[in-house]
Amino acid sequence: MKSNKTKNKKWYKEILKSLNSKKSISNVKDKFSYFLELPQEVVSKSTKITVINNDSVLIEGYKQIIDYYDDYIKIKTNNSDIVIDGKELDIKEITDYDLVIEGTIYSLNYQK
Amino acid sequence: MILTSDIKNISGIVTVQIEGFFTERFINLCKINNIKIWDVRNIVKGIIRFKIKIGDFKKLRKIARKTKCKVTIKEKKGMYFKLFKYRKRKIVFILIFLVIVFSIFFSNCIWNIDIEGNNYISNQEILEKLNQSGIYIGKCKIGLEKKDIIDKMRVEINELSWIGIEIDGTTAKIRVVEKTKLPDYANQNNVPGDIIANKSGVVSKIVPENGTAKYVEGSYVQEGSVLIEGAIYSEFVDTEYVPAKGIVQIQSIYKYKKEYKFNNINKIYNNKVKYTVGITINSKENMLNYLNKSKKYDINKSSKNINLFGNNVSFDFYKCKEYTEDINILSKEDILNISEKDQEEYLNNEILSKNINASLVEKTENIEETDDSIIVTVDFLVNEQIGVFRERETNE
Chain A
9 MKSNKTKNKK WYKEILKSLN SKKSISNVKD KFSYFLELPQ EVVSKSTKIT VINNDSVLIE
69 GYKQIIDYYD DYIKIKTNNS DIVIDGKELD IKEITDYDLV IEGTIYSLNY QK
Chain B
106 MILTSDIKNI SGIVTVQIEG FFTERFINLC KINNIKIWDV RNIVKGIIRF KIKIGDFKKL
166 RKIARKTKCK VTIKEKKGMY FKLFKYRKRK IVFILIFLVI VFSIFFSNCI WNIDIEGNNY
226 ISNQEILEKL NQSGIYIGKC KIGLEKKDII DKMRVEINEL SWIGIEIDGT TAKIRVVEKT
286 KLPDYANQNN VPGDIIANKS GVVSKIVPEN GTAKYVEGSY VQEGSVLIEG AIYSEFVDTE
346 YVPAKGIVQI QSIYKYKKEY KFNNINKIYN NKVKYTVGIT INSKENMLNY LNKSKKYDIN
406 KSSKNINLFG NNVSFDFYKC KEYTEDINIL SKEDILNISE KDQEEYLNNE ILSKNINASL
466 VEKTENIEET DDSIIVTVDF LVNEQIGVFR ERETNE
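Chains A and B, in that order, give the protein sequences. Numbering (my numbering) for the first sequence: 9 to 120. Numbering (my numbering) for the second sequence: 106 to 501.
It should be emphasised that the hints constitute simulated quantities derived from the structure, not laboratory data. One should not assume that every hint holds.
Capping the alpha-carbon separation at 20 Å, the derived lysine-lysine pairs in PhoX-like fashion look like this [to be verified]:
(1) A:Lys-95 x B:Lys-150
(2) A:Lys-100 x B:Lys-372
(3) A:Lys-82 x B:Lys-150
(4) B:Lys-163 x B:Lys-182
(5) A:Lys-56 x B:Lys-136
(6) A:Lys-71 x B:Lys-141
(7) B:Lys-136 x A:Lys-71
(8) A:Lys-100 x B:Lys-182
(9) B:Lys-156 x A:Lys-100
Residues from chain B that keep clear of chain A, each with C-beta distances beyond 10 Å, as calculated [said to hold, decoys possible]:
(10) Lys-179
(11) Gly-183
(12) Phe-198
(13) Glu-221
(14) Leu-232
(15) Ile-242
(16) Glu-261
(17) Lys-319
(18) Glu-345
(19) Asn-397
(20) Asn-416
(21) Glu-445
(22) Ile-456
(23) Asn-471
For clarity, every value in this text was computed on a predicted model and none was experimentally measured. Beta carbons: idealized from backbone N, C-alpha and C, even for Gly.
If we strip away everything but chain A, and leave its shape as in the complex, we get (with noise of 0.2 Å):
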């Protein structure tokens, strides 16, 4: 008998060692994804950007955009604001989830 509470708290313990693994991932979805081994940006509501050369940005996971210029745009995401300074910049696609910007991309900046 003893021997099977021991192994159940084992069990228990090696969870919380995994979920406990590493400090800084301190919100319960972000722990749950790691434990999972699933993609953080399908879980929790994180933005994914993808840049291709200097000329193609996709961004996955914006909120809105609040600057639009011929030369600057600025995003909006979940955790921050996302700076892309260029030329010719321009919305090749937009949709509720996804944005394009093509354009001759110089720079690409975080805001807190």
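Based on these hints, arrange chain B on the given structure of chain A.
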């Protein structure tokens, strides 16, 4: 290409220009209201252009009012606008309707006939018969009775053993299989006659299909003797003379003999040619000889004969090709290998390919070694089909 892009954008696409202070808000509201926009371009601050489907255009009014923006249409693209433009010209719509009707009608006709599988029956003949049977260019494929056409074709062309018709779009694919023509020796003769042996040997198989066999298996037949007689004898009815038919196989021996020398002299010509003349009187040859005695020559003689006072005189012209000798010494093993190849070549080229249904039964090899050569003698015992048809001269 312009037409294809128009068909692609059949629903109509509008390029819209927005002017106002809150263009970003306009874009965000479009996103919230599920209005699909693309190719958003910032012309100057406060003026943007984007593309939108014509169906969503009316939804912009509410957003424009909210954001206090001015909406103007800059470009219209697509089939919708073109049709709208010509809406009062009835003839355009009639033409479009006719094009659709004609394309549907003509796509139901056969415009190409593709024939495959024929070797000796010409395409022209098949096309003619198909035309008579009911398949021709311009024929409507709806209600086509393939089975009837196939039956008619098989009746019309005797050489066909099978025919298949497949309609693929506007192409009629005709697949035919022709009857295999029998070789000449297998043709049935209608005139009474016998089968005669064209070779000597021991009979290994005799199967008379029509007529009476004159030999039994194991007996020796001479060339020219009757193998199967074209007559059927009966105790009860009179003798009936028929064209003899059957299969006769004999076993015969083919001899192969060749001498292989240990020292093989190969002549290597060095492209040096000398010409000389001579005269021959009563078979006594006199040649103007200036050839180098230390070198060897291959002499070709061409002469012209005349009869002079009862004497045979010929003027000769000699062409002397200079060569050097290359002696190639072969071992016994080498000679046997060469002999093996020669035997195989002889068997395949001279025996098996030149006789009907020939097959090797036995091979007896005899090697005789002399001082300077090896003599190889081989006996090939071959089983082959013989017999030629000969018409009976007088009916007895």
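Now for the hints, and whether the structure bears them out:
{"no.": "1", "hint": "A:Lys-95 x B:Lys-150", "result": "14 Å, holds"}
{"no.": "2", "hint": "A:Lys-100 x B:Lys-372", "result": "84 Å, violated"}
{"no.": "3", "hint": "A:Lys-82 x B:Lys-150", "result": "14 Å, holds"}
{"no.": "4", "hint": "B:Lys-163 x B:Lys-182", "result": "17 Å, holds"}
{"no.": "5", "hint": "A:Lys-56 x B:Lys-136", "result": "19 Å, holds"}
{"no.": "6", "hint": "A:Lys-71 x B:Lys-141", "result": "16 Å, holds"}
{"no.": "7", "hint": "B:Lys-136 x A:Lys-71", "result": "10 Å, holds"}
{"no.": "8", "hint": "A:Lys-100 x B:Lys-182", "result": "18 Å, holds"}
{"no.": "9", "hint": "B:Lys-156 x A:Lys-100", "result": "10 Å, holds"}
{"no.": "10", "hint": "Lys-179", "result": "15 Å, holds"}
{"no.": "11", "hint": "Gly-183", "result": "19 Å, holds"}
{"no.": "12", "hint": "Phe-198", "result": "36 Å, holds"}
{"no.": "13", "hint": "Glu-221", "result": "50 Å, holds"}
{"no.": "14", "hint": "Leu-232", "result": "56 Å, holds"}
{"no.": "15", "hint": "Ile-242", "result": "50 Å, holds"}
{"no.": "16", "hint": "Glu-261", "result": "65 Å, holds"}
{"no.": "17", "hint": "Lys-319", "result": "93 Å, holds"}
{"no.": "18", "hint": "Glu-345", "result": "95 Å, holds"}
{"no.": "19", "hint": "Asn-397", "result": "83 Å, holds"}
{"no.": "20", "hint": "Asn-416", "result": "105 Å, holds"}
{"no.": "21", "hint": "Glu-445", "result": "70 Å, holds"}
{"no.": "22", "hint": "Ile-456", "result": "75 Å, holds"}
{"no.": "23", "hint": "Asn-471", "result": "84 Å, holds"}
This entry does not satisfy hint 2, going by the numbered hints stated previously; all others are met.
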